[in-house]
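Q: All chains should be built: construct the whole structure from the sequences, respecting the hints.
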Amino acid sequence: MTWLLHQNVVFLALLAGLFTWGCTIVGSAIVFFFKNISRKLLDIMMGFAAGVMIAASFWSLLDPSLTYATQNGYGKWSWFPAASGFLLGGVALRLIDAVVPHLHLGNDISKAEGIQPRKKKLSKTALLFLAITIHNFPEGLAVGVTFGALAGGNMTFAGLMGAIGLAIGIGLQNVPEGAALSVPIRADGKSRIKAFYWGSMSAIVEPIGAVMGAALVMLMMAIIPYALAFVAGAMIFVVTEELIPESQTNGNTDVATLGLMVGFVVMMVMDVALG
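Residues in the sequence shown are numbered from 9 upward in steps of one, following the working numbering.
If you are wondering where the hints come from, they were derived from the structure by calculation, not from laboratory data.
A few of these clues could be false.
To be verified - Under the rule of at most 20 Å between Cα atoms (straight-line distance), these lysine to aspartate or glutamate pairs were calculated in the DMTMM-like manner:
#, residue 1, residue 2
1, Lys48, Asp196
2, Lys132, Glu121
3, Lys129, Asp105
4, Lys84, Asp71
5, Lys119, Asp262
Stated by the list, open to error - Distance ranges between label pairs, derived from CB positions:
#, residue 1, residue 2, range
6, Asp116, Lys43, 45 to 53 Å
7, Pro125, Val34, 27 to 35 Å
8, Met269, Val99, 27 to 35 Å
9, Asp116, Lys84, 46 to 54 Å
10, Asn162, Arg200, 42 to 50 Å
11, Thr75, Met228, 14 to 22 Å
12, Val99, Phe40, 19 to 27 Å
13, Thr248, Leu49, 47 to 55 Å
14, Gly83, Thr164, 18 to 26 Å
Backbone N, C-alpha and C define an ideal beta-carbon position, used for all residues, glycine too.
A: Shown next as structure tokens:
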């Protein structure tokens, strides 16, 4: 662990992003063992993922944003970076959601959102892939920003463990997300290899986002409290616009909600215990 304290934060963010991507690959591999899984289990997994992201947004992003602002001279305005960054993150994801064509899990292709290509309509598989990819990118940014915040003399063992805890939490919820994409693609008639490929590649944006987030924060340390809150806002938008509705529309509201609560507690415990 001491070795990690002396590494470049962008390199650490890349490693963490590769780890979270690897967790998606593990989840996507379920198609080699099952052609389909029950809707109830899928809703529980979506609830769990939502709980992890909600907890990560507060414990690993908003709370550190407020703390950083308080410790760096914002005084009575210490709330401003967290509040403005959070809202900007939500607005940014809304704009992406409005532009990029995508389809939420469980919906018919006629309910695809975003701006559709005029000449050639995208397949259901491609639309599902884009939906998951949209929400994986801010997760990668979250990992990168937390590692980037350790630059400039802020590298401590507790800070490093907090960043690692966030990466582990994101990785844990990526396992069911990988399965949630690859299984419907497989059930839609695609081969196991293709379903695995699409499920795995949906999270390739995470190491990319992690490197971008860490590099940006390292170059402009003053934006740390804004960046942390921005990513939190983006993640909360994804949770409320996609994960929670998808887990609540199939008659499994109670177990999906319990899944969310378990995910929240798991992420909270990891952040407090490790950070």
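Q: Quick one: are proline 125 and valine 34 within 27 to 35 Å, going by C-beta?
A: 32 Å, holds
Q: Regarding the pair lysine 48 and aspartate 196, is the alpha-carbon distance no greater than 20 Å?
A: 18 Å, holds
Q: State, for the Cβ atoms of aspartate 116 and lysine 84, whether the hinted interval 46 to 54 Å holds or is violated.
A: 51 Å, holds
Q: Starting from lysine 132, check that the Cα of glutamate 121 is at most 20 Å away, please.
A: 12 Å, holds
Q: Cβ-Cβ distance between valine 99 and phenylalanine 40: within 19 to 27 Å?
A: 40 Å, violated
Q: Between glycine 83 and threonine 164, does the beta-carbon spacing fit 18 to 26 Å?
A: 24 Å, holds
Q: Please work out if lysine 129 and aspartate 105 have their alpha carbons no farther apart than 20 Å.
A: Measuring from Cα to Cα gives roughly 18 Å; hence the hint holds.
Q: How does the Cβ-Cβ distance of asparagine 162 and arginine 200 compare with 42 to 50 Å: does it lie in that range?
A: Holds: the Cβ-Cβ distance is about 45 Å, inside 42 to 50 Å.
Q: With respect to the beta-carbon atoms only, verify the hint that aspartate 116 and lysine 43 lie 45 to 53 Å apart.
A: 20 Å, violated
Q: That 27 to 35 Å hint for methionine 269 and valine 99 (C-beta), does it hold up?
A: 28 Å, holds
Q: If you check the beta carbons of threonine 75 and methionine 228, does the distance land in 14 to 22 Å?
A: Holds, at about 19 Å.
Q: Using the C-beta atoms of threonine 248 and leucine 49, is the stated range 47 to 55 Å upheld?
A: 22 Å, violated
Hint violations for this structure: numbers 5, 6, 12, 13, all remaining hints satisfied.
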